[in-house]
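Q: Chain by chain, the residues run as shown.
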Amino acid sequence: MSPYRTEVGCQARGTLAKPRQPQHSPSPTADLRTISELQRPRKRPLVGALPVLPALLTRTLTALRRMLGMPDYAAHLAHLRAKHPDCPEPTEREFYDQYVRSRYGDGTSRCC
Amino acid sequence: MRLKSLPWVALALAGALAWGNIALHRGETISAAWLVLAAVGTYLIGYRFYSRFLATKVFELNDRRATPAERLENGRDFVPTTKWVLFGHHFAAIAGAGPLVGPVLAAQFGYLPGTIWIVFGVVLAGAVQDFIILFGSMRRDGKSLGQLARDEVGPFTGMMTMIAILAIMIILTAVLALVVVNALRDSPWGVFTIACTIPIAILMGFWMRVIRPGKTIEGSLIGVALLLLALVAGRWVGTSPTLAPLFTLSGSALAGWLMAYAFVASVLPVWMLLAPRDYLSTFMKIGTIFLLAIGILVVLPPLKLPALTRFVDGTGPVFAGKLFPFCFITIACGAISGFHALISSGTSPKMVRRESDARLIGYGAMLMESFVAVMAMCAAAVLDPGVYFAVNAPLAALGGSVESAAQVIRGWGFTVTPEQMQALAQSVGEKSVLARTGGAPSLAIGMAHIFSRAFGENLTALWYHFAILFEGLFILTTLDAGTRVGRFMLQDFAGHLWKPLGRTSWYPSVLLCSALFVAAWGYFLMQGVLDPLGGINSLWPLFGISNQLLASVALCVGTTILIKAGKARYAWVTLGPLAWLLSVTLTAGWQKIFADDPRLGFLSHARATLAQVASGALDPAKGGRLMFNDRLDAVVAATFMTATVVLVVACAREWVLILLRGKVPVVRETPFVETAYAN
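Residue numbers (numbering that gives the first Met the number 0), protein chains in the order written: chain A, 0 to 111; chain B, 0 to 678.
Possibly wrong hints are sitting among the right ones.
[To be verified] With a cut-off of at most 30 Å between alpha-carbon atoms, the simulated DSS-like pairs for lysine-lysine come out as follows:
(1) K82/A with K321/B
(2) K303/B with K321/B
(3) K214/B with K82/A
(4) K82/B with K566/B
(5) K3/B with K56/B
[Said to hold, decoys possible] Here chain A is said to cover these stretches of chain B; the calculated rule only asks that three of the stretch's residues, wherever they fall, bring their Cβ under 8 Å from a Cβ of chain A:
(6) 67-81
(7) 203-212
(8) 265-275
[As the list claims (entries may be wrong)] Some chain A residues flagged as far from chain B (calculated, every beta-carbon gap over 12 Å):
(9) P53
(10) A54
(11) D85
(12) P87
In short, the hints are calculated from the structure, not lab data. C-beta atoms are modelled at their ideal positions from N, C-alpha and C, and glycine is treated no differently.
Could you put the whole structure together from the sequences, leaning on the hints where they help?
A: As structure tokens, this is what we get:
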């Protein structure tokens, strides 16, 4: 039994597709991932506009986005490419829509 | 003694020295530095020792355990986030109007009681609540407080928690709206600037979704630039003979506009108005808090308000009630706030990368919030006491004019002259600052003083309106978000009655439930606006009671989690604060309903109004309305108290069953999975 919850296929669409086969439990030494790998954009530019930004600035911007609760398209794409390679990738606008709807749609308020 | 403990011992001594200095200063004005030092010293000691005790002995945070962010990672809401980034995120989520307004109102008792409650309350109660709810939610895949209550205690408790949350949302939204109304009444500069935030946010929304999708930071920077432009333009609008009357609105007109705004904003799609507003207000919030901290640290202003005023006896003009219990009701969010339990079980538990990070995020972020409250207390205490009371007391208590106010305030033992008030009003760019209740204007004046001394002498009016803008901006965002939350809950309940109403995207249901919720809080808002005693007087204690009710529920759920996990011997970490909160909340609720003083007790106020109508001093229609409102408020307070007692009894029953009757506790944490991260 996979220790990781069986993820529903193609989260990009948010539809309940047929559940995928459970993944094999990873050995402790394989698949060691750190946060910087998720945050650092891959060589192929994911954020189309500014591929030549130094890595530090990109990391700062990503951290700022996470702090302010803004959607992080690069991280989502990196996740999809790593975990669900056969899922269609959402466009930036589609992802933005899904993100704000899931964040504010179910109503978590900020007050005090 | 180990060498490692040396810095902490030094810190403890420094903090104790600061408290000692505050205690022994015997009437001379002291500098804000001592308050800040005492607060920071206490926080660091609390964090280093108490939170570590909680993390290692009570919760037993296990870094080998995979968090839900790792297991359920989806690149959207379950995203493992590094410690400090998540700290910023969580702090941005919990920071709001509460720690700014509460301490300013409680300064009526002097700066000392409020500060002691803020600092010690957060270390022993508030941060513990946030920490345990974050921990409990994190171990259960990010479940919300209502779900936690339902799963750990029982479906009845879960249902009652949801109803309590709905009731709290109504009062909270009404009170925050009232704060904005009181700040913007008859202030064209303020109204213009706040009104501008709406088109600016809509522009940002289109920018971030349509024109340049995903460029959120870029859009936010544009928004901030436009906002500052609107702020500066406001001065011109405020003095222009054609535009100023357009933006000069009375209290009831403003209330109407706020209700209309909240209704429309809550039915628009989130990307158009709410999301950009949220980014903008978070940006401004973080920036302003940062600026205020620098300002206070640079200026280290002397505190002119006395440590204790005579109003601890309950005769205070800002709100009625003695020091106990009302100081602890008025200051909620800086010390302990039930609302934080909702947020601690919201987005943050899904983003914790490693269990031990929860200590910094749950406990630490709340300490930071408490520091904001201490800064707000400093900003209020730098005001001349006479000025503080002239701004915060309701017009009726001050006699109706600047001259009578000067006399009344002299009677209270403080001095203020009409010329002083006039000069102050001019320096902040308003026609009058007399009786601008609600905490926000006096905080803005205090902040303007600090900022002008730190950053620039001639900009006082700009700083004042900047502070008003900052408060109004995120209160309006809260109105929008709060109405949405309320609508979802109403739709959820209504869906049980008639299925189609429960569908969150069905427009008739959306419109109906939004309108219902806005009507509910709008009623209390109008009541506050038209209240001769000043709405803050009656509504803020109701809000405080409801907030502490939710905190009691959160602490009960936390205790249940501890007992079920076999940690009953540590249950005192939540039971102690719970006992304190219950004594404070129930006493306050009782006094608000049954006290003999008509300024304090709702029912005695109704009786006094009845006598006035009978003697012909008051118009029967108006008197009837006032009496109805009083009785309604009494019913609301009684409902909150009953709900608290019922919920505590329901939880206590569970504890007794487990501890004494041998019921086998079912622990509902998700099973242990070894983390794949290298730790």
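Q: It remains to establish, for every hint, whether it holds in the given structure.
A: We went through each hint and held it up to the structure:
1. K82/A with K321/B: Given pair K82/A, K321/B is violated - Cα atoms ~60 Å apart, limit 30 Å.
2. K303/B with K321/B: holds, 22 Å
3. K214/B with K82/A: holds, 25 Å
4. K82/B with K566/B: holds, 27 Å
5. K3/B with K56/B: holds, 21 Å
6. 67-81: holds (count 11)
7. 203-212: Since 4 is at least three, the answer is holds.
8. 265-275: Result for this restraint: holds, n = 4.
9. P53: holds, 16 Å
10. A54: holds, 15 Å
11. D85: holds, 16 Å
12. P87: holds, 14 Å
The structure shown violates just one earlier hint, number 1.
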